[in-house]
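Trainee: Since chain A is already given, all that's left is putting chain B on it; use the hints.
There are 2 protein chains.
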Amino acid sequence: MSERVLVKQLKSLPEGPVRVSGWVETVRDQKKVQFVILRDETGAVQLVNPATREATDDADAAASVALALTEEISALASGTFLTVTGELKHDERVKLGGVEIKIATLEVAAAANPETPIAADSGLDKRMDWRFLDLRQARNNLIFRVQTTFEHALRTYWVERDYIEIHSPKLMASPSESNAELFSLDYFEDKTAYLAQSPQFFKQMAQSAGFGKIFEIAPAFRADPSFTSRHATEFTSVDAEISWIDSHEDVAHMQEELLQTAFQAVKDTHGAEIEELFGIEVQVPAVPFPRIPLAEARQIVADRGYEIPRTDGDLDPEGERQISAYVQETYGHQFVFITDYHPEIRAFYHMRDAETGLTKSYDLLFKGVEITTGAQREHRVDVLIEQAKEKGLDPAHLDFYLDFFRYGAPPHGGFGMGLARVLMLLLGEASIREVTYLFRGPTRLAP
Amino acid sequence: MSERVLVKQLKSLPEGPVRVSGWVETVRDQKKVQFVILRDETGAVQLVNPATREATDDADAAASVALALTEEISALASGTFLTVTGELKHDERVKLGGVEIKIATLEVAAAANPETPIAADSGLDKRMDWRFLDLRQARNNLIFRVQTTFEHALRTYWVERDYIEIHSPKLMASPSESNAELFSLDYFEDKTAYLAQSPQFFKQMAQSAGFGKIFEIAPAFRADPSFTSRHATEFTSVDAEISWIDSHEDVAHMQEELLQTAFQAVKDTHGAEIEELFGIEVQVPAVPFPRIPLAEARQIVADRGYEIPRTDGDLDPEGERQISAYVQETYGHQFVFITDYHPEIRAFYHMRDAETGLTKSYDLLFKGVEITTGAQREHRVDVLIEQAKEKGLDPAHLDFYLDFFRYGAPPHGGFGMGLARVLMLLLGEASIREVTYLFRGPTRLAP
Numbered sequence: 001m002s003e004r005v006l007v008k009q010l011k012s013l014p015e016g017p018v019r020v021s022g023w024v025e026t027v028r029d030q031k032k033v034q035f036v037i038l039r040d041e042t043g044a045v046q047l048v049n050p051a052t053r054e055a056t057d058d059a060d061a062a063a064s065v066a067l068a069l070t071e072e073i074s075a076l077a078s079g080t081f082l083t084v085t086g087e088l089k090h091d092e093r094v095k096l097g098g099v100e101i102k103i104a105t106l107e108v109a110a111a112a113n114p115e116t117p118i119a120a121d122s123g124l125d126k127r128m129d130w131r132f133l134d135l136r137q138a139r140n141n142l143i144f145r146v147q148t149t150f151e152h153a154l155r156t157y158w159v160e161r162d163y164i165e166i167h168s169p170k171l172m173a174s175p176s177e178s179n180a181e182l183f184s185l186d187y188f189e190d191k192t193a194y195l196a197q198s199p200q201f202f203k204q205m206a207q208s209a210g211f212g213k214i215f216e217i218a219p220a221f222r223a224d225p226s227f228t229s230r231h232a233t234e235f236t237s238v239d240a241e242i243s244w245i246d247s248h249e250d251v252a253h254m255q256e257e258l259l260q261t262a263f264q265a266v267k268d269t270h271g272a273e274i275e276e277l278f279g280i281e282v283q284v285p286a287v288p289f290p291r292i293p294l295a296e297a298r299q300i301v302a303d304r305g306y307e308i309p310r311t312d313g314d315l316d317p318e319g320e321r322q323i324s325a326y327v328q329e330t331y332g333h334q335f336v337f338i339t340d341y342h343p344e345i346r347a348f349y350h351m352r353d354a355e356t357g358l359t360k361s362y363d364l365l366f367k368g369v370e371i372t373t374g375a376q377r378e379h380r381v382d383v384l385i386e387q388a389k390e391k392g393l394d395p396a397h398l399d400f401y402l403d404f405f406r407y408g409a410p411p412h413g414g415f416g417m418g419l420a421r422v423l424m425l426l427l428g429e430a431s432i433r434e435v436t437y438l439f440r441g442p443t444r445l446a447p
Numbered sequence: 001m002s003e004r005v006l007v008k009q010l011k012s013l014p015e016g017p018v019r020v021s022g023w024v025e026t027v028r029d030q031k032k033v034q035f036v037i038l039r040d041e042t043g044a045v046q047l048v049n050p051a052t053r054e055a056t057d058d059a060d061a062a063a064s065v066a067l068a069l070t071e072e073i074s075a076l077a078s079g080t081f082l083t084v085t086g087e088l089k090h091d092e093r094v095k096l097g098g099v100e101i102k103i104a105t106l107e108v109a110a111a112a113n114p115e116t117p118i119a120a121d122s123g124l125d126k127r128m129d130w131r132f133l134d135l136r137q138a139r140n141n142l143i144f145r146v147q148t149t150f151e152h153a154l155r156t157y158w159v160e161r162d163y164i165e166i167h168s169p170k171l172m173a174s175p176s177e178s179n180a181e182l183f184s185l186d187y188f189e190d191k192t193a194y195l196a197q198s199p200q201f202f203k204q205m206a207q208s209a210g211f212g213k214i215f216e217i218a219p220a221f222r223a224d225p226s227f228t229s230r231h232a233t234e235f236t237s238v239d240a241e242i243s244w245i246d247s248h249e250d251v252a253h254m255q256e257e258l259l260q261t262a263f264q265a266v267k268d269t270h271g272a273e274i275e276e277l278f279g280i281e282v283q284v285p286a287v288p289f290p291r292i293p294l295a296e297a298r299q300i301v302a303d304r305g306y307e308i309p310r311t312d313g314d315l316d317p318e319g320e321r322q323i324s325a326y327v328q329e330t331y332g333h334q335f336v337f338i339t340d341y342h343p344e345i346r347a348f349y350h351m352r353d354a355e356t357g358l359t360k361s362y363d364l365l366f367k368g369v370e371i372t373t374g375a376q377r378e379h380r381v382d383v384l385i386e387q388a389k390e391k392g393l394d395p396a397h398l399d400f401y402l403d404f405f406r407y408g409a410p411p412h413g414g415f416g417m418g419l420a421r422v423l424m425l426l427l428g429e430a431s432i433r434e435v436t437y438l439f440r441g442p443t444r445l446a447p
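Heads up: the protein sequence lines correspond to chains A and B, in order.
Note that the numbering used here has the first sequence beginning at 1, numbered continuously upward.
Note that the numbering used here has the second sequence beginning at 1, numbered continuously upward.
No copy labels: a pair is met if it fits in one copy or bridges any two.
As a list, the in silico EDC-like pairs of lysine to aspartate or glutamate whose alpha-carbon atoms are at most 16 Å apart:
(1) K8 to E100
(2) K191 to D224
(3) K126 to D403
(4) K8 to D162
(5) K367 to E429
Think of the hints as simulated: they come from the structure by calculation, not from any bench.
In isolation and in its complexed conformation, chain A is listed as follows (with noise of 0.2 Å):
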């Protein structure tokens, strides 16, 4: 028998016999003729059956063979992995894809519980505890195409600018971010470890260590109880750190050319399925994205009449909301970088600038929602102990990691940014958990 053909790959041969694998989406088991909708993992095709009812009389062996694949069909669970031999037809009637295959033989591989306990318009929450079954969906399938093309564009991006992939450990003996929203566990010798918040000292000592230009993308952990549409237990960190900047607008600019070729990437390869599925047109955005300092940025957020209820002088959710439909209606731009944040709401690594005395950072925002922060570290160590000291740290705690800036180092900077979040607003999903391959968060630790 011929090899295996991919659904999406049918409309091009010629007709006649062809083997196909997936599984069962429907059956319409009519009288005279019975339609198998399948599935696989590039599209669905129109299988067809001229239903035997009885065995006549003078039953042949041909017309039992008939009868016995009438009943088989008609026994088929939704959801049953099966391969199926056929005659191909193209035949522009059919509306999926104008082309049907005439059945020969089927062969299940895996027959389906005939209960399928989710449907596709079942709530999110169900839906997250038969995850594996709503990942069939045609849309879900695509979501975790787009991620791959996406990721696989910000590595080549960075591979073809001589930069190095780490894996830092995500095994700590000291907290990697903040004592607050820390995973623990019981190590060897009676040490606590710490699952890493962040790369972020690992990929700090990347420049230390000579490496110039470094990525990750991993998984990051935060025992972060909020229920928030953007938030988890544990999340796909997209990292990045470079050498020899001039400030954090050097980050930014590298930032700003990558998600540039990155959504280049999706548009090119899903931009099509992705309007037919999502209804979103995919926008590669043009460099440079448009850049607005904090203070400004809250003063035309007030123009807005939108007053900002946080005392910290950083933006709220609704606040990013508002700057983004500025920078939408004023520039057309979906992306907009918030610089030249107060100290007080950075973290003690992010350097100052000499003259405003404001972070050398950005966060950025993207249809309104934050996905980064990004900055230029301070690579001096003095001045690193004492802005530590400021926030209440402990220096003598972060002695592993002050000791990366004691033998020399570069000026540096990066960016995190939650793949996730880009994933959603990408594909204008309502939540994070709708485009993470199985979620994590306070309540959902399974499947």
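Mentor: Just chain B, lined up with the frame of chain A:
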């Protein structure tokens, strides 16, 4: 001033003013002339300065600047990161790359503590204490460039063949492989979470989800108390899983093609440097790799005079070296698939051959060390339950996993490969500690 240029670019630049940034490897402070070896992420270059040792009576401004520069160079500690401008000269007498820069200005970014805690010949444990300094060595830098090229070649192979990249969760409600060597932690709502020992269950889930072909490169965690050169408590696992296979042979075929592609990329990009710094000629493996059934491999090892002490029918590390030596002598090949393992020494989810009762699985050895286990998985849920029971596992604890096969599943299989083991063997290193960015073991949780 001009843009920063990388050391590797100097050779092809015309003589004239340049700017380089990097760190001080050595200073040779002679009476009449000073030499600084500056290294950056691409190589090392000699900087030169005619020493001005004392201000003359009729000292003019230029002379006092020259004196200050001389004194600054004398005081430079190894490891100090700095930017130098000067005149590039081509001079074939200069052993280091045939170029030299006559220093005009020198700007220190961060001065190193003059007491460097390690030397190139320090012991491994000491070097790991100061890994960020250890990584400044050219050969260590090369390790991670090789890793970057290797991984990107793997991913590109997969992406070009329509594989989907997944990020499976590392926090789980139940063990992913066995109850041994398991890290656990307190989660929300008094739950216990476990760190994934492998992505096994979740990469199989992608098959039930109809993803077809998937890959993942991500951390995995084992509370493994052993101190061998091949084990770690956290390691980077390279995983792939594919649907609609006929047997483990389809998996092996993909893996050998994949490795051939990736080794070719490493040889093309870094072959000369690997030969120079590691004394290793990268061999691109021919396909197909040799395949030897386990029973036959044991016989070959016995015929070579080595008696395997294990009584479970498997190979031991010396047996693996012996069979690899045999394959090298007989076929001139560094790789060998050992096949047909007895179910007793394989995981419960390995499919068994209906005729022989042996598992449809393999181990892949590279230069005498196991780097991979691959297999076709059992996708028939009733058989899977029986096999789990036979291993003493309670199917109730596996229920979320067994569900993946109750609603239809394709025949499928895959492999897991330890990234550090491949790199160690490829570069002829003695331990995975040498090729891991920051190693984690029973007594090693920092830096």
